[in-house]
Every structure is written in C-alpha cells, then in structure tokens.
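Student: Go by the hints and put chain B onto chain A.
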Amino acid sequence: MKLTNRERYVAVGAAGLVALFAFHQLAVRPALGRIETLERVIPERSRTVEKLRALSAEHRALQEELGRFSRAAGQSSGTGMLSQMEQIASDCRLASNIASMRPGTTRPAGTFAESSVEIRLEGVSIKQLVDFLRRVQSVQSPTVRSLQIRQSAKTPSLLDADVQLAALAP
Amino acid sequence: MNSRSIGIDIGADCVRAVQVARTRRGLVVERAYAAAATSPDVVVHVLRELTARHGFSRRARIAVAMPHGAVCFRAVHTDIHAWQQARQAVRFQIEDDVPVPFDELVVDLCGPVSDDGDVLAAAISRTDLRCRLKAIADAGLPCHLVDAIPCALLAAVGSDAQNDDPPGMLVHVDGSSAMIAATQAGRLVNARAVRLPEDGAAAASAQAGRRPLRSHVPCHGRPRGAAPAEDGAAAVLAREIDLTWHTAFGRAMTDESLIAVSGDDRLAAGLAVELQRGVAVADYRPEIVWPADAGRDQQYAVAVGLAVRALVAAEHGVNFLAAENAAEPRAADVRYHAIAAGVLAGAIAAVWCAGVFLRLGRMEHEYQRLKHDARQVFEQTLPGEKPVNELPQLEERVAAMRKQHAELAAIAGTGADGISPLDVLHRISAAVPDAGGMRISEMSVTGRTVRLAGTVGSFRAVDELKARLQTSGEFESVAIHDVAADRSTGAVRFTLALTVAPG
Chain A
1 MKLTNRERYV
11 AVGAAGLVAL
21 FAFHQLAVRP
31 ALGRIETLER
41 VIPERSRTVE
51 KLRALSAEHR
61 ALQEELGRFS
71 RAAGQSSGTG
81 MLSQMEQIAS
91 DCRLASNIAS
101 MRPGTTRPAG
111 TFAESSVEIR
121 LEGVSIKQLV
131 DFLRRVQSVQ
141 SPTVRSLQIR
151 QSAKTPSLLD
161 ADVQLAALAP
Chain B
1 MNSRSIGIDI
11 GADCVRAVQV
21 ARTRRGLVVE
31 RAYAAAATSP
41 DVVVHVLREL
51 TARHGFSRRA
61 RIAVAMPHGA
71 VCFRAVHTDI
81 HAWQQARQAV
91 RFQIEDDVPV
101 PFDELVVDLC
111 GPVSDDGDVL
121 AAAISRTDLR
131 CRLKAIADAG
141 LPCHLVDAIP
151 CALLAAVGSD
161 AQNDDPPGML
171 VHVDGSSAMI
181 AATQAGRLVN
191 ARAVRLPEDG
201 AAAASAQAGR
211 RPLRSHVPCH
221 GRPRGAAPAE
231 DGAAAVLARE
241 IDLTWHTAFG
251 RAMTDESLIA
261 VSGDDRLAAG
271 LAVELQRGVA
281 VADYRPEIVW
291 PADAGRDQQY
301 AVAVGLAVRA
311 LVAAEHGVNF
321 LAAENAAEPR
331 AADVRYHAIA
341 AGVLAGAIAA
351 VWCAGVFLRL
361 GRMEHEYQRL
371 KHDARQVFEQ
381 TLPGEKPVNE
391 LPQLEERVAA
401 MRKQHAELAA
411 IAGTGADGIS
421 PLDVLHRISA
431 AVPDAGGMRI
441 SEMSVTGRTV
451 RLAGTVGSFR
461 AVDELKARLQ
471 TSGEFESVAI
481 HDVAADRSTG
491 AVRFTLALTV
501 APG
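Protein chains in written order, with the working numbering: chain A, 1 to 170; chain B, 1 to 503.
These are calculated hints, taken from the structure and not from any lab test.
Hints may contain errors.
[What the hints assert, rightly or not] No more than 30 Å apart at the CA atoms, straight line, and that leaves these computed lysine-lysine pairs for DSS-like:
#, chain 1, residue 1, chain 2, residue 2
1, A, Lys51, B, Lys371
2, A, Lys127, A, Lys154
3, B, Lys466, A, Lys127
4, B, Lys403, B, Lys386
5, B, Lys134, A, Lys2
6, B, Lys386, A, Lys51
7, B, Lys371, B, Lys386
8, B, Lys403, A, Lys51
Next comes chain A alone, as it looks inside the complex:
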C-alpha cells in the first residue's frame, strides 16, 4: 500500500503523538508523582534522622549513667551500709545516741534492688546532726532519702531524729 505524503505526515504525526502520550503516561507522569512523594518524604525522613541521632546520643548518655549506677550498686551492700553508718556515727560521737538502726525492705528497681537503713538518733544537738548528715553526704553511697527531726521528749533542748538512708544493691 502506497501512502501519499500527506498520509505519511499524518501517520508519522499520529504515531509521534501516541509515542509522546505513552512516554508521558509511562515515564513522565510516574516520575512527577514520585518527585511529589519524595518532596514530602525527604524532609520527614531528614527530621527522622535528626531525631534518631539525638535519641542515639541520649541513649549513649543513659547507657553511661546506667553503667555508673551498676558500678555503684556493685560497691554497696545492705550489711556494709550498717557498719558504714556505725562508723560515721562513732566519728561524730553519736554512737551512744543511736537508738536503733533497722535495715529497710528492698524493692526491685529494674535490674537493681534498693537497700535502705533507718537510723533513729535520740538526744542529739543540731550541730551533731548536721555533722552526721554532712559525713553521710560526703560518701557516694548511701544517700539520705528522708529526715525527720523533732524536739526531744526527755531533753527539750536536744533533738530526736529519724534518718532514712538508701542505696542501690545489685
């Protein structure tokens, strides 16, 4: 079949248009859609990476802190704490003022436990009490969890005090 020039031009033009349409539908349009998606996703992903980096840094810091707690827990124990407190009280000349020293209950804190000691001091001056607290505070463990002071019933010029100490235990 022979075609005239006009028919050939029309055929070539139509084929070109079909090819262009197909190219647009199969290549350009999906590409534009993908660009639109990536324009939305890339900033989100970028923020996600920044958050991940921040969380990663925090994770490292928390890991170091927990490691420090773990080392501290390894160094302390309930019985050691009693003798440690007795030694501090003796140093502060409060050995005779210790009415009681009771190891407290332990409760689980993650992989660690909490050991506590409640010391009752009777008839101590405010200076002795402050010295005692200062000495306790100077050691790394245990720490003073609570303090209760009241006027001594026997000698009103002196104080009775309940000091609760706590420390991490492995």
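Tutor: Just chain B now, kept in the frame of chain A:
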C-alpha cells in the same frame, strides 16, 4: 544540480512523458513514454508506473503543464523590469481581465519584460493548480515546475531569441481544445486557448499521437485512434489563428509568416488549405538530441519542452508553483515558523524531561542516603536489633531507659532534684528569721517535700514566716496547714508544708 529531468504532458486523453539528460552532446532524450489516460485514476496509475516500470529516474526534476483551458494569457505593459516585482504588479494589473477571483489568482510572466515594457502574463486559478499538483502527489512524484503549454512548446521547438526573427505562430491541439501562441524574436507575444468541434477535435488529437518512436527509445502504451482530420477543426483553427495574428501583431499574415503545428503534418496540411498558405510541422531545437535510430516524434513536443524547462531552469519563464509560493509567503512562513516552534517546543520538552529525570535521580539518591543514615544510626545504637521502624523502636527503647534511669537516680540520690535534706536545712535556716520567739518543734524532709511544725508569738508572725519563705526564692510553694493558739503558753502553733525549689 540534477542533470536529468522529466517532462510530463497530461493531455485530455493521453499522458506523455519524456526524460531528458544534459550531456556533452546536448540535451539528450533518454526515455519517452505515452499512454492513453482518460480518467484521473488512470493518470495517477500511469504516472506511478513511470518510475516503477518504465525506468524513469526517481531523482529527476519533474515538470508538468497546466491544461489549455486553465490558463489565461494577457499581454500587459509595465514599467517594472525586475522579475519578482513585475510579477506582483502584473497580478494586480490583470485581476479584472481574467475570470479568476483575485484571492485565487496565480500569475506568472511568460518571459522577461521587453525593453518597451511589454510582457505576456499567464494566469491560473489556485484551485486548478492544486488539482494538478494533487495528481502528481498522488502518484508519489515530486513536482518542481508547473508550466504553461506555450512556454513548453517554445522551449522545445522555438528558436533562440533573435531580434530579427519574423513573427510566427505555434499551434498545439489536445483533445477538444487547441492552444495558439504568437511568437516573435523567440518570445511569446500572445497565446489563446481555443475550443474545437468535438468530432474534429478528437480526430485531430488522435492524429497528434499517432507517430511511433523507434524501438530503442522505450515507448509503450501508445494511444490508439487514427481517424482522419475533420475539415471543421482545421477551419476553426484557421479562423482563430488569423484572429490571434491580428490581435498579436496588429496586421494581416504575410507569406513570410511562420505557422507551425505541433506534432501533426496532416493537421498542418488541413490548415494550409484553410489558410491558403504554407503551414509547417514544428521541429525540435537542434540542441535537443534524439537517439540516432529514433524519430524526432513531434507528439512529445510539450513533454520535451517541459523537461528542457525543468533542466535548464531558466530564470525567466512560467512556473506557477514558484509564483504560488512567492504569492503565499505567509504559508511558507507559517510552515517555517511552525517547524521552528515545533523544534523549539521539542527541545524545551526534552530539556524539561531531562530536568525531571535528573531531579528525580538526585532526590532518589538523597532519599536512599537518608534511609541508609537512619539504618546506620539505628544499628550503631541498638546493634543486633532488627530495624523495622527505626524511630518508634529507638524512642521506645530510650523511654524505657529514661524511666529506669529516673528510678535509679531517685534511689541513688542523684535525680533531677539533686537536693539533700542537709540542703533543705540550710535553706530553711537562711530563710527563717532568728527573732519573734519562733521555735521549730518538728521537721520532716522527704525528697523536695518539707513539713515544718513549731510555735511563734503571734498569728502575724506565721504570716511573716510564710512571706519570708516565699520571697526567699528557695521554695516553690509555701502553704499553712494548721495554725492554732496554745492557751496554756499563749504561743501560736503552726504547721507549714513547703516544696523546695529544684537545683
């Protein structure tokens, strides 16, 4: 430049084609072919077969002529001698003299403007021109020149222009029409198309195609028909020749007047009888070389003339195709601008597409890099854990660690509060006034919460104590829980609840 051309004479009932080549010997007729064709479809078929079957060159320049009745000739006078300008001016000059609407009018000049400003203009309708071009295009052939038959005849059988050439007359018969052209000094002076009586015209036309070529010049499909010339056609032609002569030269024919008939000696004889003077059969120019063993077949005169015109490409002469293109510069411009715009649009589209895909590639690369970074950070932070959704997984893990850390920090006394009971004692000692008879009887410190009980001298002193604690900046909140007067001592007992400010 192409050295071959094909002249195609599409007559009323016959198509004749001649291929001419320019060689050192001159203009050599290489092929000639004639076939009967009485309908447009047959014409197209015959034209297709020229190159497909009969060995005509596909690369030769092709010239065709407009039919007799389609061309109007007008002798005009103009002061413009430049060809293009003269052609444009003449178009306006003859617009009222030809039966073609101005918008349809295609005009060309049959030769250069004489020194006196005289020139013969040929006019056709644009529709007729397109109809003729369509026939050629339908056959799949290009067309380089569309001529008028008198010009083609003059190119084939005329003599070189000499100022002393006597006036002459060329006659060409095709079907029921004839073309009479007056020449002088190798130039066309006037031309007319004449309708002939039907029966006589058929006979004359048949005779015009009767003479055979010799064998070694390919010639096939010769139209049949050899009816004797009718006296009626010769009489009509003789009358019209006489009239045309008078119109062209303003005087009667003399014995020296040359009258040549294209292609038929019997018609010439008939005319000689009618005109009572000698009438010759026009012979080809000497530079047109026919093969030695082939006759100089006069039926191909128009086709040979067209081929010569296409080959010589004379600057001056009718070419309605060129005139049409020159008269319609906007169409050419529009096509040029459309092509340029299309190319530009295509280039812009290509650049845009390239930009789109380049951008897509860059964005994909960026996205993959971010994904890789996220995966890398996750794997470095939580090695061994399978990443599914990195951020929620890591958030969950860090939240658990925060909680555990807070619990352990609270036990270890290094939490966010960072306040020991000794610090609380210091803050209260600094804030509480050492006056007003205030005595602290009981104090408990748990974390940041402090309970303070004691006595003061008056209720006002309680308010003052509260105010001082609040303004000290050491406590977030100060609340009075219980205030009562002790009747036995006259003092006022109070209980305050404090919250120590952090850090």
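Student: Against this structure, judge whether each hint is valid.
Tutor: Hints, verified against the model:
About 13 Å separates the Cα atoms of A:Lys51 and B:Lys371, which keeps this hinted pair within 30 Å; it holds. Between A:Lys127 and A:Lys154 the CA atoms are separated by roughly 18 Å; this keeps the pair inside 30 Å, and the hint holds. About 25 Å separates the Cα atoms of B:Lys466 and A:Lys127, which keeps this hinted pair within 30 Å; it holds. In summary, the hint linking B:Lys403 to B:Lys386 is supported, as the alpha carbons are separated by about 23 Å, within the 30 Å threshold.
Between B:Lys134 and A:Lys2 the alpha-carbon distance is near 15 Å, which keeps this suggested pair within the 30 Å criterion. Pair hint B:Lys386 plus A:Lys51 holds up; C-alpha atoms about 19 Å apart against a cutoff of 30 Å. Restraint check for B:Lys371 and B:Lys386: the C-alpha separation of about 15 Å stays at or below 30 Å, so the hint holds. With a C-alpha separation of about 19 Å, the suggested pair B:Lys403 and A:Lys51 falls inside the 30 Å cut-off, and the hint holds.
Taken one by one, the earlier hints all hold for this structure without exception.
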